[in-house]
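Take the given structure of chain A and dock chain B to it, following the hints.
From first to last, the protein sequence lines stand for chains A and B.
Each residue of the first sequence is one higher than the one before, starting from 0 at the first, in numbering that gives the first Met the number 0.
Each residue of the second sequence is one higher than the one before, starting from 0 at the first, in numbering that gives the first Met the number 0.
Among the clues, some could well be false.
As the list claims (entries may be wrong) - Derived coverage of chain B by chain A (criterion: at least 3 residues anywhere in the stretch with Cβ under 8 Å from a Cβ of chain A; other residues may be distant):
1. 121-130
2. 302-313
3. 377-383
4. 576-587
To be verified - One side of the interface only, derived from the structure: several residues of chain B facing chain A at Cβ under 8 Å:
5. 140
6. 335
7. 508
Claimed, not checked - One side only, chain A facing chain B, incomplete, derived with CB under 7 Å:
8. 131
9. 133
10. 135
11. 162
12. 305
13. 335
14. 580
15. 583
Don't read these hints as lab results, they were simulated from the structure.
We put the CB at the ideal spot given by N, CA and C, even for glycine.
There are 2 protein chains.
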Amino acid sequence: MIYEVDFEPIGRRVAVKPGTDLVEAARQAGVALSSDCGGRGTCGRCRVRLMAGNVSAPTKNELRKLGERSLREGWRLACQTQVESDVKVHLPLESMRGAQRLQLGGIEPQVPVEPIHQAVVVHVKPPDLFDARSDMTRLLHAVQEEAGVDHLGFDLALGRCAAETMRQDDWRVVAWLRDHEVTAVTPVDVVPLGVAVDLGTTKIAMYLVNLISGETLASGGAMNPQISYGEDLMSRIAYSMEDPARAAELSLVVVQAFNRLIAELCAKAKRSPRDIIEMVVVGNTAMHHLFLNLPVEQLGRAPYVAVVGESWDVKARELGLGIAPGAYVHLLPNIAGFVGADHVAMILGAEIHKAKGNVMGLDIGTNTEIVFNHNGQMTSCSCASGPAFEGAHIRDGMRATTGAIERVIWTGSELAITTIDDAPPVGICGSGILDAVAALYRAGVINQAGRFQAGHPLIRGERPNQYVVLAPAERTGHGRDVVITQRDVGEIQLAKGAIRTGIEFLLRHAGLTYHDLDQVIIAGAFGTFVDVESAITIGLLPSLPPERYVQVGNAAGVGAKLALISRRQRAIAADLGHQVGYLELMAQPDFTTVFAEAMLLPELEQV
Amino acid sequence: MIYEVDFEPIGRRVAVKPGTDLVEAARQAGVALSSDCGGRGTCGRCRVRLMAGNVSAPTKNELRKLGERSLREGWRLACQTQVESDVKVHLPLESMRGAQRLQLGGIEPQVPVEPIHQAVVVHVKPPDLFDARSDMTRLLHAVQEEAGVDHLGFDLALGRCAAETMRQDDWRVVAWLRDHEVTAVTPVDVVPLGVAVDLGTTKIAMYLVNLISGETLASGGAMNPQISYGEDLMSRIAYSMEDPARAAELSLVVVQAFNRLIAELCAKAKRSPRDIIEMVVVGNTAMHHLFLNLPVEQLGRAPYVAVVGESWDVKARELGLGIAPGAYVHLLPNIAGFVGADHVAMILGAEIHKAKGNVMGLDIGTNTEIVFNHNGQMTSCSCASGPAFEGAHIRDGMRATTGAIERVIWTGSELAITTIDDAPPVGICGSGILDAVAALYRAGVINQAGRFQAGHPLIRGERPNQYVVLAPAERTGHGRDVVITQRDVGEIQLAKGAIRTGIEFLLRHAGLTYHDLDQVIIAGAFGTFVDVESAITIGLLPSLPPERYVQVGNAAGVGAKLALISRRQRAIAADLGHQVGYLELMAQPDFTTVFAEAMLLPELEQV
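This is chain A alone, in the form it adopts within the complex (with noise of 0.2 Å):
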């Protein structure tokens, strides 16, 4: 008998016999999971999470280290757990040797910093006998006459505190000013601090920032709790669809992490989260309306519409978030159900909108985003390009953590591989895959159709189960081959045709072709490590001359970051999700056609 486990988020498979701990399991499936006991469950490292089968009964280590309550949860110690039937299991990121690769840093244009908020240092008159006005009336007309500003207001939370802090600190404190309401007063020594986070399908990345020199103090990521209830947008709609109690609970889990990682920051940065007194949250438009806990049902179904498009202003307390009382979070904008607030945060942070000519930026990820600045006239469009770029669909796909494979290259004799952290291989990642599909088109592998071409010698196996090796079973970190089959060439031939067409719709939109772009603006995670050439021999992106594609790193996070500590770029964000044009290419009358098309490899003479 042989049982199946499944560990999650990383999405690695592993057959093993009854009886095997998830520790030796993991180890099968080349993960590395973190243990520093040699497998006594006393050091509590490999934490992980039962999240659906069988397995043997907990351990009196177990109960020690990780309480009964985690242990009702599910949580467990993989090194004591005994696999009872087919599981699947969640291995948190820090119970992970190798984490996952993360995206954080990014080309950061200059921009200066124009807070949001107005410092206004005010020496409050203290009441007496003969002067009976309120606290906050006497605050205010400090503010008031100090700054020029009228019309002040202030929310419950901050009437809550701001007497408190007054009185402490002898009436001379600096009210924070948003407009014309103040959302936080501090002693006058402290420096107020920001977070832009931008919330991935997969993964988190928060930067804490002194939002008087825009200086970034302190940055990292996580994974998104979400995926424990769904690894793509669909299947998380489908389930906080299913009562308001879970659409609650999708939203708390991020709310979460960001406290979690909010916390770890500030440790970092040795600051308190009550510190913080904005914060800026882009992402896609699905992530957004589960962050916020709007309703999501329009965004599973024609014409997908979001329920916000426009820019926002929430206050942090109303969704937990765990720093200062007044504090608000700011969204960008949503230009459509699938062009969220983090494609307007890439076009601020690459600078789209400020190019000249024919510049086209894109966000490849589950769902590709494509903005194309043709002389200032900035129009989106959107790609179903799957999760195959994530290691989904792909019989030994992973994400890119240590041992995946992510380089491929045809050597002219050999496919020569190289693995994240230069570990033993263990599956591939998204740019590996793409490397590989290249490799074997220029090893003529494959034909222009994507088809094994019969009686290639590094073909193995019978159709339709042919695969090409690409790193033999001894020298695996699980001792089994690691493979690329015809049905993943397939799979990538799908993502990267829905990506070419939609580049095509919005060249043929302008009147353009390829030919005329002077540039293309390549972010994100993916886009950061995919090879411009392979993408280029497989017909993802079109064939230019090298120099016009630039790889940008994480501009929905550089995005989030200016319009955290600029209201200049922030007003610019606001705009944009109203001057950026949508094209829905569903609505495109040949779309089947010319996806079809995109979906061939170019000739290789092309390339």
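This is chain B only, laid out in the frame that chain A set:
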């Protein structure tokens, strides 16, 4: 052995034998407890809550009627519960046959309805593949076009629910615009509701209002449940200061009482609480702060300043109020730490701000606030009149419920009494005590200094425990004399002296004497029932012709209603917060001299 049973919040005490059940104890105390089953524990109507002391174990009938949880919380059936020590018992309003008299009505000035919200009927363009704008963008565009108002916004709660309403109602809805914010979206046939609340230290009065017609659809009252935490403001402030959880609890019990009353009034009017899109709450400054969970420490010590003085809008849901998700609670301004929003509401409701000449307005209570409008110049002060008029600190004092002596007249030969509901006398409520002192004065029992005159035939007992019988044992509800003592007279002198001192200083401040007063407006529950002639006799009120006095009922409740239905009235109230000056009596150099004088009774010839 004898145990004392203390019935709260009505403040009746009775001494009983061990083993007496609480229905019997109530009977002996003259408290009218509900009971339909003759004490068998089957009707469940005599629900009471044990606050302190020991009683018999719960019976099976109690477990059946109340459930385990209620029993754990101290709830019992009075008929099944025997006294085993001194005990303190809370009587909920619903368990009392003659509920405490609550002043809901008031003389309402006719003001035109000028709604806070603009009703904007819109037909929102439905989305399609060629119009990817978000639901809220399409709504706001429609509102902007229809109403000609721009810079429109909406909050998180509305974003969460408006899309569903629009989709269910085929995109034809009413957007309720409050300045620049859409705070509710309803089907076109829904008439929006508002709620006005007068949150008193002891009682809550609530009005459910049709916001289009201004009509009151239902009104009702309840005890302020904070009474369980302290009868007077200072003890609640002290309780609240002990820890933040207690402060939150004091706020929560009020919110829960509001939610219960809202449900009750909505049931009466056959409407849903979700249709309530606006609420106005008035109360004294401490009630205002405890309700909103603002800090109160500074209200408990000089110079007694409020944290929040200006009129204020707070989202109802932030306080836990179960009305429309986007609804606001509007708070009228507080003038000073002891001159609160209920005083502003009284001025508004009794139209004192519009009065010509010299007009004074009083709301007599544990704390008495007085406003003086001297040719348009308004000044207010606060007098610590104490709880004597609520029946506290008075030997046979009680609140104004069934069996309370509410009227005492010296006929020339005897003291004639009247009780509430014409029930057998049980004790004396505020208006009765005031009458009694005037009657004793007229009868020659007390002199100008308030001292019992040796040898008067009505006097019983020996110094210093002398008393006069108002109702002899054979006529009372509990078989004991109801009396008024020398000490009781002293308590009334303190109370009336405090109020008269306020009147005198307000007149002096304007350089006038009481002869210059054109009108004196007496508001509030006590003010409704007080006998003006008696009040003049004892010198609480100045000796003016009767026609210069007006008793207007619950003017604060009326003012709250005006601020609910009229933006003009609301603006006037906000201005009153700035316009009305505050006179701090404690800061007046000859305060003690004036107070000592005011404690005396005026010459009888003067009256």
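Taking the hints in turn, this is what the structure says about them:
{"no.": "1", "hint": "121-130", "verdict": "holds (count 5)"}
{"no.": "2", "hint": "302-313", "verdict": "holds (count 10)"}
{"no.": "3", "hint": "377-383", "verdict": "violated (count 0)"}
{"no.": "4", "hint": "576-587", "verdict": "holds (count 4)"}
{"no.": "5", "hint": "140", "verdict": "violated (11 Å)"}
{"no.": "6", "hint": "335", "verdict": "holds (4 Å)"}
{"no.": "7", "hint": "508", "verdict": "violated (13 Å)"}
{"no.": "8", "hint": "131", "verdict": "holds (4 Å)"}
{"no.": "9", "hint": "133", "verdict": "holds (3 Å)"}
{"no.": "10", "hint": "135", "verdict": "holds (5 Å)"}
{"no.": "11", "hint": "162", "verdict": "holds (5 Å)"}
{"no.": "12", "hint": "305", "verdict": "holds (4 Å)"}
{"no.": "13", "hint": "335", "verdict": "holds (4 Å)"}
{"no.": "14", "hint": "580", "verdict": "violated (9 Å)"}
{"no.": "15", "hint": "583", "verdict": "holds (5 Å)"}
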